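Trainee: These are the residues of each chain, in order.
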Amino acid sequence: MKISLKWLSEFIDDSQSLKLLQKESKAIQEKLPFLGLELGSVTTQGQGLEKVVVAEILELEKHPQADKLNVCRVNDGSSNELQIVCGAPNARKGMKVALAPVGAVLPGDFSIKPAKIRGVESFGMLCSGKELGLSDESNGILDLDSNFKVGAKFVDEYQLNDEIWDIELTPDRADCLSHLGISREVARLLERPYKLPEFEDLSSSLKDVPLFNVEVQAEKECPIYGAVLLEGAKSVETPGWMKSRLDSLGIRTHNALVDITNYTLFEFGHPLHAFDADKVAGSKLIIRFAKKNETLVTLDEEKRTLTEEDLIIADSEKPLALAGVMGGLDSSVTSQTTRVLLESAYFEPELIRKMAARHKLHSDSSHRFERGVDPDNIMRAAGRACRLFKEITGARRRGAMIEVCAKSAAELREKNILNFDLRAFHKLVGIEAKAEEISRIFNKLGLETQVKSPNVLRVVVPNYRIDLLREVDLIEEASRLIGYDKIPEIYPVQRTQTFSQTQGLQSKLAALRERILDTGLCEMMPYCFVSDKVKAKLPHHAFVELENPLSQEWKYLRPNLSFGLIDVLKNHVAMSQNDVEVFDIGHTFSTVKKSNERDSGVEEAFHFAWAQMGHSYPSHWSSDKKSSDRKHLKDYFDARGIFDKLQNDLSALEGRWASAQFLSLESFQSNEAWSKVLEAEGSWIPTSLLHPTRSAIIVWPGKPPGQIVGWIGEMHPNEKSDWLNMATGLNLGVVLGEIRFSKNIAAEMALYRQGKAPKLPQPYGKISVAGRTPVVERDIALVFGPQVLSQDIELTLTKTIGPLLKKIQCLDLYPMADGKKSLAYRLFLQDDQATLEDKTIQAHVKSGIDALVSKFGAELRS
Amino acid sequence: MSNLESLLASLQKLEQDSQNEFQNLASITDLEAFRVSWLGKKGQLTMTLKEMGKLTPEERPKAGQEGNRIRQGLESKIAEIEKTFSNKELQNKIEAERIDVTLKGRERVSRKEHPVRTTYDELLRIFSKCGFECEIGPEVEHEFFNFDALNMPASHPARALQDTFYIKGSPDVVLRTHTSPVQIRTMLSQKPPIRMVAPGRVYRADYDATHSPMFHQIEGLFIDTDVQMGHLKGILSVMVKEFFKTELKVRLRPSFFPFTEPSAEIDIACPFCKGETQNPPCKTCKGTSWIEIGGCGMVDPEVFKAVEIDPHKYSGFAFGMGIERMTMLKYGVNDLRNYYEGDQNFISQFARWKP
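Each protein sequence line maps, in turn, to chains D and A. For the first sequence, the positions run 1 to 862 when this note's numbering is used. For the second sequence, the positions run 1 to 355 when this note's numbering is used.
Keep in mind that the hints were calculated from the coordinates and are not lab data. Nothing here was measured: the structure is a model prediction, and the numbers come from that model. Each hint should be verified, as a subset may be incorrect.
Now the in silico label distances, taken between C-beta atoms and shown as ranges [as the list claims (entries may be wrong)]:
| # | chain 1 | residue 1 | chain 2 | residue 2 | range |
| --- | --- | --- | --- | --- | --- |
| 1 | D | Asp644 | A | Arg108 | 16 to 24 Å |
| 2 | D | Ile490 | A | His312 | 50 to 58 Å |
| 3 | D | Ser675 | A | Lys245 | 51 to 59 Å |
Every residue, glycine too, gets a C-beta built ideally from N, C-alpha and C.
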């Protein structure tokens, strides 16, 4: 809400109110926040124009070198005449102008210096409105009033001395959405009464036959509707003082009739609407709900299709206005209008909010009606407008206001007598106060009080404070006026022992994140929104679409985390940072059926994902020059390394991660049944983005193919340039992985809240004693058929050799000419109890080899 | 000349010769050759001493003593030279191994955690020290949890202020605009006393340097039979002191939230200028000395009604803060977009400040 200090002064009952306000402005500004009125900004008009003076052009002649320039001799009120070169077409002899002398700095940091323009010296500038920051465009220099005093300060003569306060109001303070409302608060600070502007009394019972009727068909939604007819409006310009005031608040001016209703709105905070009476068919205004598919072109020239929930003002034929929100274009007043039908009414806040939202139409009118207007202003605001109509346009009122009231203004207030209990105040806020003190405070607010007992006050709330409905509202008023700084600061003693219901889940997720951070991946937080391009990549995913996305790029909630990370990689490629390792952790979204009426119908899973790009090993001067390590690009095994590290940790959080297995993406894509499973369970997996022979799906074992829990893979060579915007020829390894840690996080939260959370495995169940026995390494090398998978070989070894086998490392993979492959493994054996004897080692290793030979037909390499 | 004399004479010559030869030894290889040629099985000393067989038993000890003396002399001399040589060799090796100690080491990976998450964890740690338990909730919420139960019925203008993202096809489902729905979920499933914080991601349809459509909040709720606004002040000032590791004044400024009454904005003394006048004015607080970090208040009786807690029996306070805001104030990074647009180098700077 913008407030003009000059305008505000008219509401303060003091003969020197403007001077008083100007003097106290700073002090008031500092106090406003503690009345619950946040001051956004203060603009002083004419700032930066202090040096600009009124001057007169004494003489002007054409510039000898330039047709469009004039050389002026200017009187700035001092004894010296100035020579100024000016290019304005409207410059003329005897004109009073705004002169920015040498040394002035105009808005936009434009400093005026002596200049030589095409060989002619110039000392200062004659200014246009635009150059002074007064208007957005200019048609030459300002042509000032000939009565202005030469040499006087421009801001004084032009009366650019107003101060504009931009007050950021919270939604409860509907009473402050006007100059009148703010004046009540400011008057209290100045300890002066406030006063209303002059208005006509519309209730006087003149004996005119009403020329119009009003019929209200929706009494609940429109409990009071008033209309008054004015005739004989002359087509006049909006007077300058009104125009400049509306201008200063940033309100666009139209014609006198519209401007008067707007002006009244900002005075009283009560929206009015003016119909052109000659454009209203019949002699009756009907307030009714629209019929389905009725249309109305509103003032903003939008054709709107109405619904049966839209309250409208109609004549006998058609809708005229969207009640409380915006008028219709056809029935609006114009500069030709002579007969005005002025509306002043009360509409239900909830109705207006819904209508404004439905039509995405937020007007100064709807803004006030949806917060609630003071019913006492219905008559006053209309009366004020009538007075201004008469003064400015000469329009005369035909009779009293026709008022249709289902409820009286007083009845619209549900409850305005409240009790205030000092004990309750003390208990909630911690301030001890006496009844007299509270009484004094409330009286200043315009609340009447009566001490009922030493601890209880009876409080009568005025109609404009529609936000004060309960005792607790009064407690807030009392505490903010006493000052929140008077509330004692007490550290609460811990009397209560609560336990968190979702703590277990929260700490599980936090632990997971800690483990990921250990890998050295860099944590990222890309936005959770994705585009149609992403959607096209996951045709089987039930995307969650936003009703009101910020942009087309951000239409859907993310189905997975990978696309966000791909964006991160792309940003790095753009910055030529090619070695990148990042991760993200958080919720992903899919649409599901609602399970109950308060269910969101959106399933949130908890994922973590990572992306790696660039080289596998950091370059170091000491590394072997011949080694391929130096140039080795990131591949599947970099991503796999991350997972292998995490798998161990994950299984500590949830036992079944220990049994996670890898199935090649190919194996899914070449199997019809399996690819169906992938589409359904892994709809979030961007398979078409992955290298088909160098990617894996991670599953928990079960009915084949098992339960899909994640994937890792290299990015498909064809997709890199598109998604990462990689320059052709730039060869970078890009690998990604993503794990679904929890399929339905909300369901899991619910389990925790119900105390049915799954038990975590005993964290310290199997810890072997610090090793006093040596670890033995044995290498084995065998030749296998091309189809045999390393995962199965390792599983067989683990099972056969048993607990003595602590670790297996694949040392070498060597393809043979016949298609077979030679694999070498290093086995790490250790007995926790005793040093292993050679024959025990031999026997165990042999049992492993025998198992491989019999199970896979492997041949031992000599 | 007797056999003895001639043997002693050749031993003497031999000693003399060997002494002379020592001068010519230049390396450990030379030394080894020397050792073999004098002391080896077929070495000169060994061969010479073989002639002792020709001596009489009486003569032998004398020659033997002399032979041993020479042998020991040679051996100790060899050991001495060997030591010199190996010292020299070691010296050479060390000399050859000299490095430029200013070259960088082999890279190790370090933690690279997001500063917003660092703040998130830090605030959780502080509140947990104050006895608050952590609760979490979903990010997509039914309006009931996000608005209705928080005393923001459909008609409430405060709803319009929140720039809410709605889900297409479900007009009553929103991306949560604050972490307050977790309060509702907690109060619905747990009876007072309650002392909880709820951190998490929230969404608003607004995007510029100071507004992100996605950000994080932490919410606190404390309900018991006689909780008062002074307790709220107490907790907030402990939190601020712990978080900024310095004493910063906390100020409550009147405001309005539908779910609290009385309501206040939380201001803290500007951590950058500490409220001292600066010229030009402090950029962070714009010379006001105060910075807003969140909102708070006493739980509105309407909220208690919605979750079936008796407002006559219980009272409570609630507060909410922007985690990004706190992060900005701690590290001085003011453009929010830095946190989301993803630059590895930007994030890598923060881990070192982790408390």
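Trainee: Does each hint fit the structure? Answer for all of them.
Mentor: Here is what the structure says about each hint:
1. D:Asp644 with A:Arg108: 16 to 24 Å: For Asp644 (chain D) and Arg108 (chain A) the Cβ distance comes to about 19 Å; the hint holds.
2. D:Ile490 with A:His312: 50 to 58 Å: The hinted range 50 to 58 Å is violated for Ile490 (chain D) and His312 (chain A), with Cβ atoms some 22 Å apart.
3. D:Ser675 with A:Lys245: 51 to 59 Å: holds, 56 Å
The structure is inconsistent with hint 2 alone, although it conforms to all the rest.
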